[in-house]
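Asker: Each chain, written out:
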Amino acid sequence: MTALEIAADVRSGRRPAREVVESHLAAIAAREPELHAFNLVLADEALAAAAEVDRQVAAGDDPGPLAGVPVALKDNLCTRGVPTTCSSRILDGWRPPYDATVVVRLRAAGAIVVGKTNMDEFAMGSSTENSAFGPTRNPHDPSRVPGGSSGGSAASVAAGFAALALGSDTGGSIRQPAALCGVVGMKPTYGVVSRYGLVAFASSLDQIGPLAATVADAAILLEVIGGHDPLDSTSIAGPAPRVGGVLDDGVEGLRVGVVRELTGGIDPDVAARLAEAATALEAGGAKVEEVSVPAVAYGLSAYYVIATAEASSNLARYDGVRYGLRVDPTVDGTGDITAMYGATRAAGFGAEVKRRIMLGTYALSAGYYDAYYGQAQRVRTLIIRDLGAAYSQYDLLLSATAPSTAFAFGAKSENPLAMYLSDVCTIPSNLAGHPAISVPYGTGADGLPVGIQLLAPALGEPVLFRAAAALERSAPR
Amino acid sequence: MATPFGGDPARSYDGPVEPAESATTPILSRDEVVYVAVLARLALTDDEIDVFTGQLAAVLDHAADVAALDTAGVPPTAHPLPLVNVLRDDIVRPGLDRDEVLAAAPAAESGRFRVPRILGDEL
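Read top to bottom, the protein sequences are chains B and A.
Using our numbering, you'd call the opening residue of the first sequence number 1 and step up by one each time.
Using our numbering, you'd call the opening residue of the second sequence number 1 and step up by one each time.
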């Protein structure tokens, strides 16, 4: 059942929320030991929340648009009193003293949190292999990765553990795992969703967004979590974009550009699905053409300088003082604080996090700052300019979401650069702050899901969801 | 046409601009990695330093296409939104509970975070 169907049943009293939650907990019990989508399952809390929703319905009150809908939260979203680890040893056991704004809004809408999902440590990765607590497996083929970094969230929706999930997307961390797990994943315009309570990775790029089985479910989730929040100084003024009402409008008259620079290096079977998606949009009345957006060819390089530079600054807070792990290298505790910092961070961070902190620290260090960080920021301007030029001619852009279907465990984990290439199609939207969505579109030669990405200019969520729904209707079954 | 996959050696932006020669290609030494680890407050093992020296050099080499671009006159973008200071009325509001926050710390004493020695012997 979709989230919208569940909410309709629960709000009308046709089905108790308790029964909904019990059926999802049963699905978790059956397959979670194999898939490891969660760092923590909140069974008792979910049942208690369901009882409260049922009490409201019985009293004649409306619990909200997501009444009784089981939701999984990426484990970098703060939940008061409930462990929030970012899949890192350095935060193992930490219980935040506050809830993220998106969590508050989900609960206010009647949604029921069923667990905290596994991820690449601090959202750094594209396979969920960088979790300190072991990888998540792809529900379509447990020998393959689910993508990442929101791999647990994507797998939890694909496996039916939750009707909806939240992820965070810094360079593709919602869209790429959504593509690899065959679900819908959407990154909103920067500032549409409050980042209050999202553990920071790269603050000028991070954005929380929905994962769902259908475009309509992703739309209602965005409407619930979006809108201004005074607790986030980068939150855009105004309400959440209204996207649920445009889903049946079709693509007649829309102009869609297929980004030439994002078609090279794509696996042939994925490229074939992209061509089919373009043809389907054309058949729906859109004008589809190839467009060159030259600067996006440099997105990957610019991203891995900017994101690591911001991360090296953001992750300085894990110093063994205020929360999480502390390792004192002296037996009697008489060492100095610098030794404690170094030992704590060496023990608490995994290899990929250390690698990115090192890269970002180097890019920001004296003598290299302008050559790397300054230059990457100027390239970011070029990317925004070139995308702007494309959007003067097109309403939407189109690409594959990821260059391949789900890959095998270990296939890229020893070669950081090969792993980074997983994000090549998704990174431009983060650098520009634009919205983008991945829609499942058939399968590759290996029978595993392929995702097609639609991109829109800032605050273009309505046209993005309109086209995504049309794409979903045309997708091969 | 340049592609992000490194297939095209020209690596030009929007035209046949010759990239600068290897002057901008990083040569990352082991000593530099050791120094950066100090800056980053990471007590890395010798093995980690060896592995990172090669891996970071590979990533920086990939970023050389960006370093070689002619961006004269292009302003940097630090943030996708035009950010302005956010102000609010100066009214006292409840913050996080001190005891709840300190309870999450590795060590606390007298309502404060307790840390190892900060000042060295030479001071």
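Keep in mind the hints are simulated off the structure, nothing from the lab.
The C-beta atom is built at its ideal place from N, Cα and C for all residues, glycine as well.
Errors might be hidden in some of the hints.
[Unchecked claim] Label-pair restraints from in silico Cβ distances:
id, chain 1, residue 1, chain 2, residue 2, range
1, B, Arg-317, A, Arg-98, 38 to 48 Å
2, A, Pro-76, B, Glu-19, 49 to 59 Å
3, A, Val-84, B, Pro-268, 28 to 38 Å
4, B, Ser-313, A, Ala-72, 25 to 35 Å
5, B, Gly-253, A, Arg-98, 22 to 32 Å
6, A, Ser-110, B, Thr-2, 27 to 37 Å
7, B, Ala-59, A, Gly-111, 40 to 50 Å
[Claimed, not checked] Away from chain A, derived, C-beta distances all over 10 Å, residues of chain B:
id, residue
8, Arg-15
9, Arg-31
10, Pro-230
11, Asp-269
12, Thr-279
13, Gln-393
14, Phe-409
15, Ala-411
16, Pro-416
[Said to hold, decoys possible] Here chain B is said to cover these stretches of chain A; the calculated rule only asks that three of the stretch's residues, wherever they fall, bring their Cβ under 8 Å from a Cβ of chain B:
id, region
17, 27–36
18, 101–110
Asker: For each hint, tell me whether it holds in the structure or not.
Answerer: Hint-by-hint comparison with the structure:
no., hint, in the structure
1, B:Arg-317 <-> A:Arg-98: 38 to 48 Å, "violated, 18 Å"
2, A:Pro-76 <-> B:Glu-19: 49 to 59 Å, "holds, 55 Å"
3, A:Val-84 <-> B:Pro-268: 28 to 38 Å, "violated, 48 Å"
4, B:Ser-313 <-> A:Ala-72: 25 to 35 Å, "holds, 27 Å"
5, B:Gly-253 <-> A:Arg-98: 22 to 32 Å, "violated, 59 Å"
6, A:Ser-110 <-> B:Thr-2: 27 to 37 Å, "violated, 54 Å"
7, B:Ala-59 <-> A:Gly-111: 40 to 50 Å, "holds, 43 Å"
8, Arg-15, "holds, 38 Å"
9, Arg-31, "holds, 33 Å"
10, Pro-230, "violated, 7 Å"
11, Asp-269, "holds, 17 Å"
12, Thr-279, "holds, 24 Å"
13, Gln-393, "holds, 16 Å"
14, Phe-409, "holds, 19 Å"
15, Ala-411, "holds, 17 Å"
16, Pro-416, "violated, 5 Å"
17, 27–36, "holds (count 4)"
18, 101–110, "holds (count 5)"
Violated hints, listed in ascending order, are 1, 3, 5, 6, 10 and 16; each of the other numbered hints is respected by the structure.
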